[in-house]
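Protein sequence lines correspond, in order, to chains A and B.
So the first sequence is residues 41 to 523, counted in the working numbering.
So the second sequence is residues 114 to 206, counted in the working numbering.
It is worth saying that the hints were derived from the structure and are not from the lab.
One should not assume that every hint holds.
[As the list claims (entries may be wrong)] Covered by chain B, according to a simulated footprint, are these stretches of chain A (three or more residues, beta-carbon under 8 Å):
{"#": "1", "segment": "255-263"}
{"#": "2", "segment": "375-384"}
{"#": "3", "segment": "415-423"}
[Unchecked claim] Taking lysine-lysine pairs in the PhoX-like style, the calculated list, with each CA pair at most 20 Å apart, reads:
{"#": "4", "chain 1": "A", "residue 1": "Lys-120", "chain 2": "B", "residue 2": "Lys-184"}
{"#": "5", "chain 1": "B", "residue 1": "Lys-181", "chain 2": "A", "residue 2": "Lys-363"}
{"#": "6", "chain 1": "A", "residue 1": "Lys-271", "chain 2": "B", "residue 2": "Lys-169"}
{"#": "7", "chain 1": "A", "residue 1": "Lys-363", "chain 2": "B", "residue 2": "Lys-116"}
{"#": "8", "chain 1": "B", "residue 1": "Lys-147", "chain 2": "A", "residue 2": "Lys-411"}
{"#": "9", "chain 1": "B", "residue 1": "Lys-147", "chain 2": "A", "residue 2": "Lys-271"}
{"#": "10", "chain 1": "A", "residue 1": "Lys-74", "chain 2": "A", "residue 2": "Lys-63"}
{"#": "11", "chain 1": "A", "residue 1": "Lys-411", "chain 2": "B", "residue 2": "Lys-169"}
{"#": "12", "chain 1": "A", "residue 1": "Lys-101", "chain 2": "A", "residue 2": "Lys-63"}
{"#": "13", "chain 1": "A", "residue 1": "Lys-363", "chain 2": "A", "residue 2": "Lys-46"}
{"#": "14", "chain 1": "B", "residue 1": "Lys-177", "chain 2": "A", "residue 2": "Lys-271"}
{"#": "15", "chain 1": "A", "residue 1": "Lys-295", "chain 2": "A", "residue 2": "Lys-320"}
{"#": "16", "chain 1": "B", "residue 1": "Lys-181", "chain 2": "A", "residue 2": "Lys-120"}
{"#": "17", "chain 1": "B", "residue 1": "Lys-116", "chain 2": "B", "residue 2": "Lys-140"}
{"#": "18", "chain 1": "B", "residue 1": "Lys-137", "chain 2": "B", "residue 2": "Lys-147"}
{"#": "19", "chain 1": "B", "residue 1": "Lys-116", "chain 2": "B", "residue 2": "Lys-133"}
{"#": "20", "chain 1": "A", "residue 1": "Lys-120", "chain 2": "A", "residue 2": "Lys-49"}
{"#": "21", "chain 1": "A", "residue 1": "Lys-292", "chain 2": "A", "residue 2": "Lys-499"}
{"#": "22", "chain 1": "B", "residue 1": "Lys-140", "chain 2": "B", "residue 2": "Lys-117"}
{"#": "23", "chain 1": "A", "residue 1": "Lys-120", "chain 2": "A", "residue 2": "Lys-58"}
{"#": "24", "chain 1": "B", "residue 1": "Lys-140", "chain 2": "A", "residue 2": "Lys-449"}
{"#": "25", "chain 1": "A", "residue 1": "Lys-271", "chain 2": "B", "residue 2": "Lys-172"}
{"#": "26", "chain 1": "A", "residue 1": "Lys-320", "chain 2": "A", "residue 2": "Lys-300"}
{"#": "27", "chain 1": "A", "residue 1": "Lys-421", "chain 2": "B", "residue 2": "Lys-169"}
{"#": "28", "chain 1": "A", "residue 1": "Lys-63", "chain 2": "A", "residue 2": "Lys-92"}
{"#": "29", "chain 1": "B", "residue 1": "Lys-137", "chain 2": "A", "residue 2": "Lys-449"}
[What the hints assert, rightly or not] Facing chain B, a subset of chain A residues (Cβ under 7 Å, in silico):
{"#": "30", "residue": "Pro-342"}
{"#": "31", "residue": "Arg-367"}
{"#": "32", "residue": "Gly-470"}
Using N, Cα and C, we set each Cβ at its ideal position, and we do this for glycine too.
The lines below spell out each chain.
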Amino acid sequence: MSIQFKTIKDLSTMLKNKDISNKELVQDTYSLIKSNVHLNAFVTLNEEMSLKKAEELDKNKFSGNLAGIPIAQKDLFCTKDLRTTCGSKMLSNFIPPYSATVIENLENAGCISIGKTNMDEFAMGSSNETSFYGNVANPWGSNLVPGGSSGGSAAAVAAGIVSAATGTDTGGSIRQPASLCGITGLKPTYGRISRWGMIAFASSLDQAGPMARTAEDCAIMLNEMCSHDLKDTTSLDEEIPDFTSDLSTSIKGLKIGIVKEFDLSMLDNSVAQVFEESKKHYESLGAEFVEISLPNISLSVPTYYVVAPAECSSNLSRFDGVKFGKRCENPQNLEDLYIRTRSEGFGDEVKRRILIGSYVLSAGFYDAYYKKAQQVRRLIKNDFDNAFKKVDTIMTPTTRGAAFSSGSKGDDPIQMYLEDLFTIPANLAGLPALSIPNGMVDGKPIGLQLIGNFLQESKLLQIAHNFQISTDWHLKTPSEDIN
Amino acid sequence: MDKKTVTTIAYLSRLAIDPKNEDKITKDLENIIKFVDQLDSVDTYGINVLTNPLEKTAKTRDDKVTAKNRKDTFLERAPESNEDYFLVPRVVE
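For reference, chain A alone in the conformation it holds in the complex:
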């Protein structure tokens, strides 16, 4: 029985029924990785350790909720003794001495970390075209981008290689690739999942989350990923519910907000049409639509492109060629070591963001840019606080369109930045948000975004699950539609 396109739930049942052994599951997963090598979804494989762990699981029964499930880990999470590059030349030789809390949590639940997935360098990008390890192809078309930055994770799930993967989301890096690859991805509330061992990009925005075929699998993953972690001072000390328990509860009477300021006529006709059809479907499930206003929402992207580069320039100052990672050859003096190491180790997009960050934080500009952006960030959050007095969730398209061709955004960075128009606001406000497949445009999948109030992941997953048990967009697979 093929393991391709199976969910976590399917694979757990197959393992329990002994339709497949743990070792066979891992071997079959590597066969799929190798037959999909053209996707370039993985930077580093963990084959020897994975087979060893699977053999142990075959010998000694283990009851963890992810026992034996192969999971692809974004190459931004530190994995003990397994190379972690963050998509950068800077870390091409970095073997972490410890694992991220998320990785430990998932492995303690029995998962097998099958390999590290390709990504935009230091998570800066929306198309997976900035990785030092090459572009990732979208399984729905080899010339299409998978989105980014968690593009390798999205491609691995969309191609049916793994049932689930980890991602991180600073401005849409889970939801946008989920949309372009036709899978489900959740960015939890800021602080829900520990950031310990995640290589930092913008610390007040970064959040890890699950990427899978279904909302149900995202809930299963989230159950294991969350924990209160003393090693991360922003880790929330809140009750962690069983995210699977309310999935099937009816959404009758649910109030869904539609953002007045998002003019959907600016989208392709077919994208707007898909969105309208999803509204009708939710109406048929008993939901009610309410127009809401987020007056400052149009300022989200400019706010983000001050806050994120500022935090990035500070966070990435640690890559100096002294303690770990790459160092330039034959440095003449300490300054030469810093400058050449960083100039050779970082790619163009990372350098661009560091430069913007240094500019907006520099003397004379701090108030005009950084302080101003943080004030506007407060206004955007206040808008959401007001909106959630009236509605249970806010619904938008995840992206402006379906997957685009590699290289098609030209070399104007702002065009790429606008890719995250719909996803950035949730990061600025720290709110949970997910993307589910809700239609096809020209044979390519597209996603629907649901934004929830603080700590309302269970509600979001319930709304998404109700959609998925009554539609089949999440069941579409690339092979079926392309061939």
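Starting from the structure of chain A, add chain B where the hints point.
Relative to chain A, chain B alone:
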């Protein structure tokens, strides 16, 4: 944004700009700064900054040793080290 400003912020960032790309980088940064200048249109008088969505003070924990000394583990990952220190080119002649 001009070339002189770009040179200054590149130095602050300890990055070297390839002279071949200098014009392109200057133009890109100028466009990005123009784009974020939209924020000027908002009246933010009296609005408190939002630095972190949780708005909670960083939690502290008891000052107890929780990890073993792993000096060797960390030093062996450095590009250059001796048994006690990370090594860099001589700073004081």
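A quick look at each hint next to the structure:
no. : hint                   : in the structure
1   : 255-263                : violated (count 0)
2   : 375-384                : holds (count 8)
3   : 415-423                : holds (count 6)
4   : Lys-120/A to Lys-184/B : holds (16 Å)
5   : Lys-181/B to Lys-363/A : holds (19 Å)
6   : Lys-271/A to Lys-169/B : holds (16 Å)
7   : Lys-363/A to Lys-116/B : violated (32 Å)
8   : Lys-147/B to Lys-411/A : holds (17 Å)
9   : Lys-147/B to Lys-271/A : violated (39 Å)
10  : Lys-74/A to Lys-63/A   : holds (17 Å)
11  : Lys-411/A to Lys-169/B : holds (19 Å)
12  : Lys-101/A to Lys-63/A  : holds (13 Å)
13  : Lys-363/A to Lys-46/A  : violated (42 Å)
14  : Lys-177/B to Lys-271/A : holds (13 Å)
15  : Lys-295/A to Lys-320/A : holds (14 Å)
16  : Lys-181/B to Lys-120/A : holds (16 Å)
17  : Lys-116/B to Lys-140/B : holds (9 Å)
18  : Lys-137/B to Lys-147/B : holds (15 Å)
19  : Lys-116/B to Lys-133/B : holds (13 Å)
20  : Lys-120/A to Lys-49/A  : violated (27 Å)
21  : Lys-292/A to Lys-499/A : holds (13 Å)
22  : Lys-140/B to Lys-117/B : holds (13 Å)
23  : Lys-120/A to Lys-58/A  : violated (31 Å)
24  : Lys-140/B to Lys-449/A : holds (17 Å)
25  : Lys-271/A to Lys-172/B : holds (10 Å)
26  : Lys-320/A to Lys-300/A : holds (18 Å)
27  : Lys-421/A to Lys-169/B : holds (15 Å)
28  : Lys-63/A to Lys-92/A   : holds (8 Å)
29  : Lys-137/B to Lys-449/A : holds (16 Å)
30  : Pro-342                : holds (4 Å)
31  : Arg-367                : holds (4 Å)
32  : Gly-470                : holds (2 Å)
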